[in-house]
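There are 2 protein chains.
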Amino acid sequence: MQKIVTSLVLGSSLMMASSLVQDAANAALKPIPQSQTALLKLIDNPKNPITKEKVELGKKLYFDPRLSKSGLISCNTCHNLSEGGDDGVEAAIGHKWTMNPHHLNSPTVYNAVFNAKQFWDGRSPDLEDQAQGPIQASPEMAATKGHVSKTVNSMPEYVAEFKKAYGDDVKVSFEKITDTIGLFERTLVTPSRYDDFLNGDKNALTKEEKQGLKTFIKVGCASCHNGLGLGGEMNVLNVTAKYKYMNVGDFKGDKNGMVRVPTLRNINQTAPYFHNGKIKTLRGAINEMARIQLGKKLSAKETKSIETFLKALDGRKPNIEMPMLPASTSKTPAPELN
Amino acid sequence: MQKIVTSLVLGSSLMMASSLVQDAANAALKPIPQSQTALLKLIDNPKNPITKEKVELGKKLYFDPRLSKSGLISCNTCHNLSEGGDDGVEAAIGHKWTMNPHHLNSPTVYNAVFNAKQFWDGRSPDLEDQAQGPIQASPEMAATKGHVSKTVNSMPEYVAEFKKAYGDDVKVSFEKITDTIGLFERTLVTPSRYDDFLNGDKNALTKEEKQGLKTFIKVGCASCHNGLGLGGEMNVLNVTAKYKYMNVGDFKGDKNGMVRVPTLRNINQTAPYFHNGKIKTLRGAINEMARIQLGKKLSAKETKSIETFLKALDGRKPNIEMPMLPASTSKTPAPELN
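Here the protein sequences come in this chain order: S and C.
Under numbering that gives the first Met the number 0, the residue at position 85 of the first sequence is numbered 84, and the numbers go up by one with no gaps.
Under numbering that gives the first Met the number 0, the residue at position 76 of the second sequence is numbered 75, and the numbers go up by one with no gaps.
No wet-lab data here; the hints were simulated from the structure.
Where hints are given, some of them may not hold.
Since copy identity is lost for identical chains, a pair holds within one copy or between any two.
Claimed, not checked - Straight-line Cα separation of at most 35 Å, DSBU-like style, residue types lysine-lysine; simulated pairs:
1. K149 with K300
2. K170 with K251
3. K213 with K330
4. K170 with K217
5. K163 with K206
Using the sequences and the hints, build the whole thing.
Here it is in structure tokens:
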């Protein structure tokens, strides 16, 4: 008798899980695949395939503050891999302590490869192109293309690594450098227990987290936050709604008012929220999004349930060993602090 | 006959090496010991012994920018472990892009455990004490003790790690936090081929590097740059000499005009040089130090020979995996950018 009951309970639990996986698929939610081959296919750049040498080199460049005019700001400064892939402040602070002039919050670099487009207004098609932006932007790294290529070419170790990665006839141009940074960023993918669940491990999520996923789908969050990144596509930000936060910054999306939906992966680690970083807490963000984008006032129970699910999106980060950067030489441009 | 010649040559080469090791010992040069037990004895803090848990926790705190007022500056910002343990600029840049008011250059954290005292003026007895300084200094991390302890205590993962490291009754005070950072810093030791040579591996240095070590000793560099750190003791900086660089900054040493001699380990990776960072190249630094401190004008050959030796002090850095920091909570103090 006990056996039959257990079997019925297990059966029903499995059925629930399996129907939830189906609901998630119907809501266009997609897990990061477990197979490394399948994952590589998703993240690779056909024009510049991922290799170990390129990724190692890209990592060094990502962490090298000498690419900036001041010699003090690296990609990792605003997209800190120790801090969920961003910087924890409302709006990016760059060269000469300048705040992003549009009061835009730094998006996480983790899983950014899954974004259909890059930047909040989606003006960039991929990570390679995106990497060119902040390096040159005067309120960010404030460097010229010439500064970047001259800096990298001034260090024989870097040049040797470029040759190893791309062949002896490589030209270490600004674009080759940013392409290599973008390639490294493609590898920053963080599978989570949520993915394990969608990939078939029925016990990867707790009962409360499964309930949270249900609520997430039922409330309609997945209408924008879907796909591999639970976000990453362009969508309309309802600027006609009365935003609590719209009085800060002048961002209005792209020319059609479209905004790149942020990924929800590792969202618990990337406060503050929204394009201008004006929402401090995850619960606040959930409530405000439901109100503005879905016209819904969530109950405290619903908010908490969604929050519980979102925390299960904390991903397993790649193990990243701190790179040791080549020493500057007499040819390396001196830092310019002004 | 060939055999006898070979044997004579080898014999003389070995003799030269062995006599050079003796010369180095006579000049008070000391290698980092190969034995991990012996090394631990040199770097450990009897009042707070090194454990794996404390070091891992200290590493997180070292990399956590939320310890600063702005949430943007960590210990690693100015003492960048990827960049030879310093920042590559003349004088430290901190909160609100403020330059060190005395135009003081950030010393490397690598091998700083071997310094007899900390800071350029030696005002601090050890790394634990030193760590309290920059965190609170308004032109650096600009935090209050309260900000730091409140920040760390706001994250349950940090508190749990402190309990794991120090026991359940630990009080996560500012001093406990800085003690733990100091403990991590104690482990940042970088043995080099120079140490291998002094420890008995006759072929660890090239012929030119051995010649460089001889020149280094003969010229008199080792009269200040000696001991485990090739530096680290207090000594007189000859301020009566006409310095090329003394017109920048107001640093005059401690109350007796004494200055902490910088370590020469990894010196090739820590340009620019001198307390105010006004000397750009290693050769320039060698020449200027010989002129000022030893009253000598070096020949180009001597300078090059010493430079060749100094480059052999590039050490093997510890493998440091980027720590993943706990997520901020609603209790974590918000970043203050002003």
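Right, here's what the structure says about each hint:
1. With identical chains, the CA atoms of K149 and K300 are at most 35 Å apart between copies only, with a shortest distance of 30 Å across copies and 56 Å within one.
2. For the identical chains of this complex, K170 and K251 are neighbours neither inside a copy (39 Å) nor across copies (47 Å), given an alpha-carbon limit of 35 Å.
3. Taking the shortest Cα distances, K213 and K330 sit within 35 Å of each other only across copies (29 Å), while inside one copy they are farther apart (59 Å).
4. In this homomeric assembly, K170 and K217 never come within 35 Å of each other (Cα to Cα): the closest approach is 52 Å inside a single copy and 45 Å across copies.
5. In this homomeric assembly, K163 and K206 come within 35 Å of each other (Cα to Cα) only across copies, at 29 Å, whereas the closest approach inside a single copy is 50 Å.
In terms of the numbered hints stated before, the structure departs from hints 2, 4, listed from lowest to highest.
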